[in-house]
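Student: With chain A fixed as given, assemble chains B and C onto it according to the hints.
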Amino acid sequence: MIAHGYLILLFPLLAFAVNGLWLARRNGFAAGLFSILMSAASLAYAIPLALEWFAAVHGGDASAPVEAWRFTWLPLEGALKVDFSMILDPISVMMLLVIGTVALLVNVYSMGYMRHDPSRGRFFALLSLFAFSMLGLVIAGNVFQMYVFWELVGVSSYLLIGFWYEKPSAVAASKKAMIVTRFADSFFLLGIVLAAYAAGSMDFSVLNGSAIAAMSREVSLGGFHVNLLFLASLLMFLGGWGKSAMFPLHIWLPDAMEGPTPVSSIIHSATMVVAGVYLTARFFPMFAAAPGFLDLVRVVGIFTALFAAVIACTQKDIKRILAFSTLSQLGYMMFSLGAAATVLGGVNTAAYSASAFHIFTHAFFKCLLFLGAGALIHHVHANELDAMGGLWKKLPLTWISMLLACLAIAGIPPFSGFWSKDEIILAAWQSGHGLSAALALFTGFLTAFYMFRLYFLAFHGEPRGGHGEGHGRHEDPWMTVPIVILAVPTVLSGLLAKDFFHHFALPHQVLSESPVEHVAWLPATAATLGILGLFLAFVLYGRRGADAKAALSVEGRGGWYRLILNKFYIDELYLFVARRLLIGGFAGAVKWVDTNVVDAAVGATASGTLRSGALLRRLQNGNLAFYIGAFLFGILLLRILGRLPL
Amino acid sequence: MTLERCLLLAFALFAIGVYGALTRRHLVGLLISIELMLNAANINLAAFAHFRPGDATGGATFALFTIAVAACEMAAALSIVVAMYRRRRNLDLDKLRSLREPIEAEPGAGKAP
Amino acid sequence: MNLDSLLLTLVWTLPFAVVGLSLLIPKGNELWVKRLHALGSGLGVLIAAWLTYRLYGRLMVDGAPMGADLRLYAVTRIDWLPSLGISFFTGVDGLSMLLVLLTAIIVFTGVLASWNTGTQVKEFFALLQLLGAGVFGVFISFDLFTFFLFYEMEAVAMYLLIGVWGSGRREYGAMKLTLTLMLGSALVLVGILALWASSGLGTFDLTQLATVRFSPGLQAWVFPVLFVGFAVSAALFPFHTWSPDGHSAAPTAVSMLAAGVMMKLGAYGALRVAMYLCPEGARQWFPVLLYLISFNVVLGAFIAIRHKDLKFITAYSSISHLGLVLLGLAAGTYLGVKGASLQMISHGFLTGLFFAVIGMIYSRTHTRLVDTQSGLMKVMPFLGVAFVIAGFTGLGLPGLSGFVAEATIFIGAFQNPDPQVRILTVLAVLGITTTAVYVVRTANFILHGPFRVDDGHGHVMEKPETSGLTDASGVEKLALTLLIACILGMGLFPGWISRMLDTSLLPMFRALSR
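Chains as they are written, first to last, in our numbering: chain A, 1 to 646; chain B, 647 to 759; chain C, 760 to 1273.
Calculated directly from the structure, the hints in this document are not laboratory data.
One or more hints might be untrue.
No farther apart than 25 Å at their CA atoms in a straight line, the calculated lysine to aspartate or glutamate pairs in the DMTMM-like style are these [unchecked claim]: (1) A:Lys167 - C:Glu930; (2) A:Lys167 - C:Asp1130; (3) A:Lys316 - A:Glu462; (4) C:Lys1137 - A:Glu166; (5) C:Lys1137 - A:Asp117; (6) A:Lys316 - A:Asp386; (7) C:Lys1222 - A:Asp117; (8) C:Lys1222 - A:Glu166; (9) A:Lys549 - C:Asp1130; (10) A:Lys591 - C:Glu930.
Chain A with its partners taken away, still in its complex shape (with noise of 0.2 Å):
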């Protein structure tokens, strides 16, 4: 089983070969039916896999990478070459299911979400080649196919964000995710060319391993010395910084809501977006080992939560919420393994399995958020809480189990995200970083407090206009049932596998561990905080009487509000720079120089021979007389010079 573990990502592949080249343009309801049965077909097949190889690794090193298979891809020189590989180990398996599932409920979500666009095939074709990048990408055994699928992920995104290409607005977000990540991307590309280079190797098993010696020197660049593994661990972590879209190139991120939303709930749940913490998770011993590193990772991490939750309390677009709510999410996520490094210089490994814990959770409910969130568009025909409200009686399954996920992200016993959020907070508690923690208790407050202002606006007080009117139900079973799934693992999926996190997804190849002290106050206060933050929206904005378009109007609001409300200017910053500074100044310069001083010299050769031929040719007078004179003058010119042999 192990063995032909590729078969997970042939069925995707065969749904957007199939789908890309031949029965998008025939039938779209076809194409959606085969992409869910090879997503289906993906997924079964990954969970007996996963059963077998944890039958395999029971008892054992847990952490230990399988091998299941390997090729070399591409020959570099000597030693040095690309293979392509296929590790089990516990987050690379973990993910494969998150993977596997959400791609299968989010196909199946679309054949409802995407039933009158005319192009949904081409959609199915994508999400396929999109699930199979992101597989793809968590079992790369090297970082070269690491970064291969990295790019497909990438692209894949690029082309489903701006799936409705006819729209302007859809079309400038996928060209700013592309070009965001992209940036990012190059670092991670460079990353890769210095650790061949001083590494001699691309595999996780060297990086991790005995290359972390042979990369613990200085190196001088431009004056300054730095450490080459620090360097190595930077370049390679920025890649994981754009595409998780830690601050400051998060800005892609909320953008990138202009895709159709089963695009956004993959994309925020499952893959993308978790890739790079996936590959902080993956080169975790590497990282670690560089001085200092893990620091920067936990201040990036716990200060993009705090951020994109302050955001968040602000927005109005149903959407945009979530995606600032996933920003949080994540930087909890890099917080989290940033956190493993302790005050007193050991590794807590808590950390990282609590990071691996809460991508697991993270992927359910926010998952479901986005489904739901698409039901309410499908039903409103609009993306704003202006156009909400009372929704609760239309979409009475959407409802509750939208409420069962704002209760897990708010982190509100004993729902799924409680759990490894509590543990989160309680490794960087137990770590020492203990204004860290605080900051995160705090930025679980938030969460609380602008998932249930979502909440109370979305779903209660009166109907605010929007298209969706009638009686009745109005749930489209396709895009319902996966919802209802998702309800499950939203609730249960904490409670379950804390003890596999606890005891299984420990990374492999770091030594030192740090005793763990159990603290038991902190989980109850990020429970009050959370019932804290849940409180307070209800008195803003769900109580009886509570004036909902007042919540949402930015009339007599502070210079705070609007400068929160439009995200600390940072997007009109990076147009600046990127419109003005590079393309139109910089651009702009090496463009005018190209033609007005390297072409012109060029077209001041062509016309300097041109003239000076005119020039010689008065000469051609017609004169017979000065013909013979010239030549005269000419032999005995050459006389003179001694070059005639007179």
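Tutor: Chains B and C alone, transformed into the frame defined by chain A:
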């Protein structure tokens, strides 16, 4: 008679020819001047043939060839002169300039776009 | 003469045969002329592919030669002017075989892409075949005299093709292209003659000249002359301005051949002749040349962002991609040279596809400006997808050929410990973002958004249904599909190309590092 005198004569003849060629404006005058220069060369050939010991026939043969070629040349040239006179009614060299480059059409200097 | 030699000779003589046959077709049967040329060049692809397959088998058995000498296959050798040491000497090794295959494919697809040529069809295709034959000749010649002969033949054909069948400022473009390339040729000729004269062997045979250790003083001036001479046709800064003007004037097939194959001649010559024969000169001069190359790599992409004409954008993208080839060569590490060779092949397919698609779009919308057309994906999805694939190849998407080549170049160039090379490599890697910018921008401009075409003559179309614009025809689809298949094939299975290159690059690299 010495070689030097012969050479001096030939030089004088050549110089006269050059002067004539440079200054005569009539086409026939130009032809005559060219003939003078040719004959100066012939004198040189004959003189060297005469004064150089050994093979005496080479230079004379060469001179004979030159005379024959010059005669042909003159025949062709004079017929051209006659034809030209018939066409142009004019044998003034300053006016016969149809082989010159037209100056008025300046070349379009290749400018960059 | 064995079968391999026969096949190789057939590859470069076939175009002449096709041209001869096409002269027999009576006037008024243009379609048959096109069919004959398509058939002939298609046959060329098959022969080249079969030969590649045969050669691959032999190379894998033989492996790389041990020393620095080339091992040639399918050799044909006829004395031509023995007194001057000129012979007609053709053969292939792994590198040139792959380039011959590339050329055959580009010529074939070029013929298909110019299916709509209306005027003087017979002459157009005849010259196109001669151009192809010239390129074949360069890649298979191992006698520098015949090498140069073919090198020039191709330039003459190109001049006529652009000057007669071009569009826009075609005389200007043709003249600029030809004169700049002639400047390069003149330098190359000087270099070749200097090597010939000072070798003392009295031969133009490359394999024999390679055994001579030319004096450092000679190499110090011959190398830059040869390298720059060749690199002019690879659009080395500041000799690159022929490329945008030439391409924008050239008909589609000529752009494909010029950028797809002819620019590779420059890089190939720089490697095969300049670096192989003057390794010491190379080591001495590369630090200087790197400055010029860095302009190509870094600035080419930035300029592409600012241009609005599709052909200018593609021309500058070629300049930047060829800059990567030169960077790989100038890095002087084995992986750098190998990446450069991979990039030569990959870029051939990529730019062939790019120019083919642009030509096809232009023939429909009659405008090449990016801001006068949008939403073309709606009316021509096939061309749109092909354009996007070309763009993705250009920005180095894994799974497509460009990525393999670029990654190899980057890894290789970084192995050179010289800080200057390293800095340039870092800039080049970061520069892939710039490539993404112009690719995505261009795609967004012309393919996405609401449909609208303004041909610049007051004719504006806003409704896809009534525009009358059509997607690719069958012939065009065949051409594009073949190119895309090559890009995918190389991108997904780069291993065999890499192994094949190893057998011919190792000896050259040993020569370089001795």
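Student: For this structure, which hints from the list above don't hold up?
Tutor: 1, 9
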